[in-house]
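Novice: Below, each chain spelled out in residue letters.
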Amino acid sequence: MVGDDAVIEGATGSWEVVIGLEVHAQVISDAKLFSGAATAFGAEPNTQVSFIDAAMPGTLPVINEACVAQAVRTGLGLNAEINRYSVFDRKNYFYPDLPPNYQISQYAQPVVGPGMVRVDLEDGSVREVGIERLHLEQDAGKSLHDRRPDATCVDLNRAGVALMEIVSRPDLRGVGEAGAYIRKLRAILRYLGTCDGNMEQGSLRCDVNVSVRRPGAPLGTRCEIKNVNSVRFVQQAIDYEARRQIDILEGGGEIEQETRLFDADRGVTRSMRRKEEAHDYRYFPDPDLLPLELSDAYIDAIRAGLPELPDQKKVRFVEQLGLSEYDAGVLVAEKEVADYFERVADGREAKTASNWVTGELFGKLNESGREITDSPVSPDDLGDLIDLVADGTLSGRLAKEVFDAMFESGRPPGEIVEERGLEQVSDRGEIEALVDTVVGENADKVEEYRAGKDKLFGFFVGQVMKASQGRANPKVVNDILRQKLD
Amino acid sequence: MSLDKATVSRIARLARIRVPDEDLERLGGELDNILSWVEQLGEVDTSDVPPMTSVVEMRLPKREDTVTDGAYPEKVLGNAPESEAGFFVVPKVVE
Amino acid sequence: MAELTRLTIAEARDRLRGREFSARELAQAHNLAVEKARPLNAIVLETADRALDMAEVSDKRIANGEEGVLEGIPLAVKDLFCTDGVRATAGSRILGNFVPPYESTVTANLWNAGAVMLGKANMDEFAMGSSNETSCFGPVENPWRLPGNGSPIVPGGSSGGSASIVAARAALGATGTDTGGSVRQPASFTGLVGLKPTYGRCSRWGIIAFASSLDQAGPLTRTVRDAAIMLTAMSGYDPKDSTSADVPVPDFEAALGGDIKGLRVGIPDEYRTDELPAEIAALWQQGLRWLEDAGAETRDVRLPHTKYALPAYYIVAPAEASSNLARYDGVRYGLRVKGEDLVDMYERTRAEGFGPEVTRRVMIGTYVLSEGYYDAYYLQAQKVRTLVARDFENAFEHVDVLLTPTAPSEAFAVGDKSDDPIAMYLNDVFTVPASMAGLPAISVPAGLSKSGLPLGLQLIGKAFDEETVLRTADVLESAAGFEAEPEPWWEMTQ
Numbered sequence: 018m019v020g021d022d023a024v025i026e027g028a029t030g031s032w033e034v035v036i037g038l039e040v041h042a043q044v045i046s047d048a049k050l051f052s053g054a055a056t057a058f059g060a061e062p063n064t065q066v067s068f069i070d071a072a073m074p075g076t077l078p079v080i081n082e083a084c085v086a087q088a089v090r091t092g093l094g095l096n097a098e099i100n101r102y103s104v105f106d107r108k109n110y111f112y113p114d115l116p117p118n119y120q121i122s123q124y125a126q127p128v129v130g131p132g133m134v135r136v137d138l139e140d141g142s143v144r145e146v147g148i149e150r151l152h153l154e155q156d157a158g159k160s161l162h163d164r165r166p167d168a169t170c171v172d173l174n175r176a177g178v179a180l181m182e183i184v185s186r187p188d189l190r191g192v193g194e195a196g197a198y199i200r201k202l203r204a205i206l207r208y209l210g211t212c213d214g215n216m217e218q219g220s221l222r223c224d225v226n227v228s229v230r231r232p233g234a235p236l237g238t239r240c241e242i243k244n245v246n247s248v249r250f251v252q253q254a255i256d257y258e259a260r261r262q263i264d265i266l267e268g269g270g271e272i273e274q275e276t277r278l279f280d281a282d283r284g285v286t287r288s289m290r291r292k293e294e295a296h297d298y299r300y301f302p303d304p305d306l307l308p309l310e311l312s313d314a315y316i317d318a319i320r321a322g323l324p325e326l327p328d329q330k331k332v333r334f335v336e337q338l339g340l341s342e343y344d345a346g347v348l349v350a351e352k353e354v355a356d357y358f359e360r361v362a363d364g365r366e367a368k369t370a371s372n373w374v375t376g377e378l379f380g381k382l383n384e385s386g387r388e389i390t391d392s393p394v395s396p397d398d399l400g401d402l403i404d405l406v407a408d409g410t411l412s413g414r415l416a417k418e419v420f421d422a423m424f425e426s427g428r429p430p431g432e433i434v435e436e437r438g439l440e441q442v443s444d445r446g447e448i449e450a451l452v453d454t455v456v457g458e459n460a461d462k463v464e465e466y467r468a469g470k471d472k473l474f475g476f477f478v479g480q481v482m483k484a485s486q487g488r489a490n491p492k493v494v495n496d497i498l499r500q501k502l503d
Numbered sequence: 130m131s132l133d134k135a136t137v138s139r140i141a142r143l144a145r146i147r148v149p150d151e152d153l154e155r156l157g158g159e160l161d162n163i164l165s166w167v168e169q170l171g172e173v174d175t176s177d178v179p180p181m182t183s184v185v186e187m188r189l190p191k192r193e194d195t196v197t198d199g200a201y202p203e204k205v206l207g208n209a210p211e212s213e214a215g216f217f218v219v220p221k222v223v224e
Numbered sequence: 002m003a004e005l006t007r008l009t010i011a012e013a014r015d016r017l018r019g020r021e022f023s024a025r026e027l028a029q030a031h032n033l034a035v036e037k038a039r040p041l042n043a044i045v046l047e048t049a050d051r052a053l054d055m056a057e058v059s060d061k062r063i064a065n066g067e068e069g070v071l072e073g074i075p076l077a078v079k080d081l082f083c084t085d086g087v088r089a090t091a092g093s094r095i096l097g098n099f100v101p102p103y104e105s106t107v108t109a110n111l112w113n114a115g116a117v118m119l120g121k122a123n124m125d126e127f128a129m130g131s132s133n134e135t136s137c138f139g140p141v142e143n144p145w146r147l148p149g150n151g152s153p154i155v156p157g158g159s160s161g162g163s164a165s166i167v168a169a170r171a172a173l174g175a176t177g178t179d180t181g182g183s184v185r186q187p188a189s190f191t192g193l194v195g196l197k198p199t200y201g202r203c204s205r206w207g208i209i210a211f212a213s214s215l216d217q218a219g220p221l222t223r224t225v226r227d228a229a230i231m232l233t234a235m236s237g238y239d240p241k242d243s244t245s246a247d248v249p250v251p252d253f254e255a256a257l258g259g260d261i262k263g264l265r266v267g268i269p270d271e272y273r274t275d276e277l278p279a280e281i282a283a284l285w286q287q288g289l290r291w292l293e294d295a296g297a298e299t300r301d302v303r304l305p306h307t308k309y310a311l312p313a314y315y316i317v318a319p320a321e322a323s324s325n326l327a328r329y330d331g332v333r334y335g336l337r338v339k340g341e342d343l344v345d346m347y348e349r350t351r352a353e354g355f356g357p358e359v360t361r362r363v364m365i366g367t368y369v370l371s372e373g374y375y376d377a378y379y380l381q382a383q384k385v386r387t388l389v390a391r392d393f394e395n396a397f398e399h400v401d402v403l404l405t406p407t408a409p410s411e412a413f414a415v416g417d418k419s420d421d422p423i424a425m426y427l428n429d430v431f432t433v434p435a436s437m438a439g440l441p442a443i444s445v446p447a448g449l450s451k452s453g454l455p456l457g458l459q460l461i462g463k464a465f466d467e468e469t470v471l472r473t474a475d476v477l478e479s480a481a482g483f484e485a486e487p488e489p490w491w492e493m494t495q
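Chains as they are written, first to last, in this note's numbering: chain A, 18 to 503; chain B, 130 to 224; chain C, 2 to 495.
Simulated from the structure, these hints should not be mistaken for laboratory data. Errors might be hidden in some of the hints.
To be verified - Result set (DSS-like, lysine-lysine): computed pairs, CA atoms no more than 30 Å apart in a straight line:
{"hint": "1", "chain 1": "A", "residue 1": "K159", "chain 2": "B", "residue 2": "K191"}
{"hint": "2", "chain 1": "B", "residue 1": "K134", "chain 2": "C", "residue 2": "K418"}
{"hint": "3", "chain 1": "A", "residue 1": "K159", "chain 2": "A", "residue 2": "K108"}
{"hint": "4", "chain 1": "C", "residue 1": "K308", "chain 2": "B", "residue 2": "K191"}
{"hint": "5", "chain 1": "B", "residue 1": "K221", "chain 2": "C", "residue 2": "K339"}
{"hint": "6", "chain 1": "B", "residue 1": "K204", "chain 2": "C", "residue 2": "K463"}
{"hint": "7", "chain 1": "C", "residue 1": "K308", "chain 2": "C", "residue 2": "K418"}
{"hint": "8", "chain 1": "B", "residue 1": "K134", "chain 2": "A", "residue 2": "K492"}
{"hint": "9", "chain 1": "A", "residue 1": "K159", "chain 2": "B", "residue 2": "K134"}
{"hint": "10", "chain 1": "A", "residue 1": "K483", "chain 2": "B", "residue 2": "K191"}
{"hint": "11", "chain 1": "C", "residue 1": "K339", "chain 2": "B", "residue 2": "K134"}
{"hint": "12", "chain 1": "A", "residue 1": "K159", "chain 2": "B", "residue 2": "K221"}
{"hint": "13", "chain 1": "C", "residue 1": "K451", "chain 2": "C", "residue 2": "K418"}
{"hint": "14", "chain 1": "B", "residue 1": "K204", "chain 2": "B", "residue 2": "K221"}
{"hint": "15", "chain 1": "A", "residue 1": "K462", "chain 2": "A", "residue 2": "K501"}
{"hint": "16", "chain 1": "A", "residue 1": "K470", "chain 2": "A", "residue 2": "K501"}
{"hint": "17", "chain 1": "B", "residue 1": "K191", "chain 2": "C", "residue 2": "K241"}
{"hint": "18", "chain 1": "B", "residue 1": "K134", "chain 2": "A", "residue 2": "K108"}
{"hint": "19", "chain 1": "A", "residue 1": "K108", "chain 2": "C", "residue 2": "K241"}
{"hint": "20", "chain 1": "A", "residue 1": "K159", "chain 2": "C", "residue 2": "K463"}
{"hint": "21", "chain 1": "A", "residue 1": "K159", "chain 2": "C", "residue 2": "K308"}
{"hint": "22", "chain 1": "A", "residue 1": "K483", "chain 2": "A", "residue 2": "K381"}
{"hint": "23", "chain 1": "B", "residue 1": "K221", "chain 2": "A", "residue 2": "K243"}
{"hint": "24", "chain 1": "A", "residue 1": "K108", "chain 2": "C", "residue 2": "K451"}
{"hint": "25", "chain 1": "A", "residue 1": "K330", "chain 2": "A", "residue 2": "K417"}
{"hint": "26", "chain 1": "C", "residue 1": "K308", "chain 2": "B", "residue 2": "K204"}
{"hint": "27", "chain 1": "B", "residue 1": "K191", "chain 2": "A", "residue 2": "K108"}
{"hint": "28", "chain 1": "A", "residue 1": "K368", "chain 2": "A", "residue 2": "K381"}
{"hint": "29", "chain 1": "A", "residue 1": "K462", "chain 2": "A", "residue 2": "K492"}
Quantities reported herein were computed from a predicted structural model and do not represent experimental measurements.
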């Protein structure tokens with residue numbers, strides 16, 4: 018199944034857009050990949066830098082065991098082969114935010130081999146996207162070009178932080194699939210707790226490989242667009258780049274394989290002025306380190322500790338909780354949503370919990386621009402609200418009113434119901450009195466009803482509910498009205 | 130095999146060492162001598178030999194994931210030829 | 002107090018404990034000797050005040066009975082070791098006035114054991130050289146001169162300053178580093194004992210890197226016993242170095258004095274080259290007989306890939322160096338030469354900062370790692386390295402230790418080989434194979450050449466078997482009875 022946007026109509030016919038993604042995911046760890054310096058975001062410049070990170074002479078790297086475990090965990094979450102033997106190489110190039118002027122990375126022998134991600138597309142179909150490899154490497158520091166007109170300022174706080182580079186096969190067609198792939202990958206990383214997926218802070222960055230070809234033709238020459246930092250930008254960059262390439266090809270030109278930058282302000286890609294001349298990284302095994310060897314027992318222990326991932330959770334929601342594929346898909350897409358839902362649904366009717374979460378809660382969150390993690394309504398309070406409906410304390414209509422109040426104030430439903438006196442009235446005597454009043458005040462309508470105008474029954478129910486300020490139990494109202502009128 | 134000026138120039142560029150044009154030939158000659166001498170290694174049959182990865186038999190040691198280092202920007206910047214407001218300063222980088 | 006500088010480490014240690022003199026007196030005597038030895042250009046930074054401060058602490062610890070194994074012993078430190086708050090240059094202009102805010106593990110171990118720092122020793126730039134002529138501070142002179150001839154000769158390299166200052170009786174010992182022979186060859190040229198331990202025995206943390214898979218720290222001393230004492234203090238597992246070996250450190254001094262009856266000593270046939278001078282071949286034979294007289298069995302062994310070790314080394318070491326030295330870019334420390342833009346700044350800084358030999362090796366290293374050449378050069382060299390290491394493994398199935406010459410010549414005159422890189426590289430032909438295999442090896446002074454300069458013999462042992470190497474070296478040293486000392490001409494020049 019190929020998305021609608023996978024084929025672009027050019028002036029001379031259709032073109033297929035072929036996309037591969039290299040995602041750099043910052044590993045969740047307290048310390049850096051090869052040093053004991055901290056990784057927290059937003060610290061003062063050069064305060065989270067060890068002598069190793071600054072490449073002081075004579076300093077040496079020692080690997081952080083947690084980063085290795087995170088890479089293995091991620092590999093398992095991507096259904097990938099874990100390599101029992103992998104090697105750290107040096108990738109040599111000069112850049113001021115790369116203090117040793119080489120990056121410790123993995124080249125020929127990465128820690129994780131081929132894997133696969135199931136991507137849910139908008140039309141409900143599923144596409145299997147191949148993962149070529151995942152390797153561990155160091156992040157670079159940060160160069161600030163705007164701080165001074167004549168110079169670049171360098172902060173090494175990020176230098177040496179562990180990254181996982183996750184390389185997809187060129188299996189993606191169109192911007193829709195690319196976006197869905199990134200969202201799914203991000204969800205898996207967040208479920209695993211191996212990357213926080215925060216694209217604004219740069220925890221997840223994408224290099225996008227784009228090429229175009231006539232449908233069925235061999236792969237075209239690709240361009241790599243570096244460091245694109247949101248799903249929307251990835252999509253804009255692909256869109257622009259594909260059309261640029263098509264224009265060149267249709268004009269009789271050839272695509273030059275190159276690295277390009279995405280200009281977010283203008284929504285275009287442009288050639289890097291700093292050409293990586295020669296492009297010769299001179300990879301070789303880092304002699305300061307030894308090969309990384311992993312035992313089966315080590316990998317099995319990590320496998321045993323894996324959490325339930327979105328695909329498995331979705332199956333369980335459908336098969337065991339009886340949710341629809343669609344609802345289950347929505348609920349598992351974000352780990353926080355799934356966690357919230359499961360808490361609400363715990364001991365309650367799953368379908369009802371799902372309706373509340375995907376209906377009322379999502380509506381209010383959207384309206385107020387909040388994430389579920391900032392929801393003023395806690396899952397436990399929402400659960401209590403559902404219980405109040407289930408035991409007949411609240412009518413469905415009032416429950417929505419109470420929910421709105423909970424969202425406004427962050428208070429629990431019990432308090433609001435009590436304060437506003439919203440408990441449902443089911444007492445037959447009390448309701449009978451209301452019915453009598455309504456019937457007495459509307460003698461003409463009673464006549465009409467009895468003469469066969471059945472539709473008026475709804476009118477009487479409405480009047481009684483109004484008189485009860487909505488608190489009367491509709492079932493009892495119906496009951497008594499039938500008695501009195503029929 | 131001999132190293133032409135263009136090759137010497139390319140290697141110097143990769144190594145980020147400025148070599149004036151008039152020195153390229155001399156340096157090329159020196160490098161050429163050394164390379165011709167090491168090329169005798171080609172005589173050795175290494176078809177089934179793995180490359181050396183480590184001379185001592187041991188496993189890669191690992192550190193615990195705890196913050197034990199850093200928080201001394203004055204030491205990190207103390208030897209810098211140019212720094213300002215906690216940053217290293219280098220000539221403007223154009224991307 | 003001149004006699005204080007003529008002691009061995011073992012003697013000085015015992016007499017300090019016997020309160021015959023104080024650590025302060027010992028330090029003062031050496032500070033003075035260092036000052037007198039300035040014509041040798043062996044020390045690039047004298048730390049006389051620090052030496053006195055450290056000696057005073059030592060005196061207190063001795064008084065309290067808390068002394069370490071090197072308490073109060075004055076040592077020189079090769080300028081490749083980072084010492085907290087003391088300038089470290091690696092003999093290169095590119096480090097400028099770099100003052101490391103951290104301490105190398107080896108020197109930290111020495112100070113913990115009570116040693117006293119006299120100063121930082123001159124060396125070939127980034128340890129690249131076999132004559133100590135590539136230092137940005139100028140060449141080091143060997144205290145030895147040809148009798149009746151005042152022209153300077155080299156002390157060997159790269160640990161030439163360390164060797165020269167110990168041979169001149171101005172330090173009781175010194176740290177060196179050995180990548181392809183940089184401790185053993187200068188020891189041979191200056192009449193000292195030089196020990197390169199097994200790769201992984203001493204931590205590389207804080208030692209400015211030349212070739213990471215080969216670099217090892219080692220002591221330069223006047224006796225085998227002193228080398229054993231220093232090695233005990235320098236060694237040990239270090240969690241800051243991923244290639245440091247987590248093995249117990251024996252008391253190496255305790256390994257000395259045992260007999261070597263039945264010890265199997267191998268003589269590698271491939272070291273008998275046509276170029277080997279007759280007097281060195283003869284000394285080698287003599288060494289063999291000394292060990293046989295002490296009860297050892299000698300036998301011939303084959304190390305068929307020996308001739309390829311040196312060219313393989315001259316690929317592997319420059320390759321690693323080209324990457325290790327990339328960090329010297331004028332951004333975070335050291336020299337910066339202004340340029341038109343960033344790349345120009347890099348290129349000018351490195352052109353001005355590196356001397357010709359370092360430039361050559363960085364260029365060679367860059368070339369052999371570059372696209373299209375990696376397999377033919379670097380990968381092939383690492384495969385040959387495997388074969389070199391296997392040769393030793395096979396040999397050590399039949400013998401316990403190997404005996405060879407340390408260097409193919411005596412010390413040569415300053416300027417003799419500095420124009421011919423390959424002639425210079427050939428100095429390391431006997432020391433490089435053990436380096437490539439990571440094995441422990443020692444050079445012991447065994448005699449004088451016809452022209453009156455010292456010559457050393459080398460013993461190579463199994464990995465982490467420094468004890469056998471030291472025990473055999475001790476026997477060799479006693480048999481050779483090398484007592485010669487250079488005339489202190491440098492004291493006259495002032």
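Novice: For which of the previously enumerated hints does the structure constitute a violation, in increasing order of number?
Specialist: Of the numbered hints given earlier, those the structure breaks are 4, 6, 8, 9, 10, 20, 21, 24, 26, listed in rising order.
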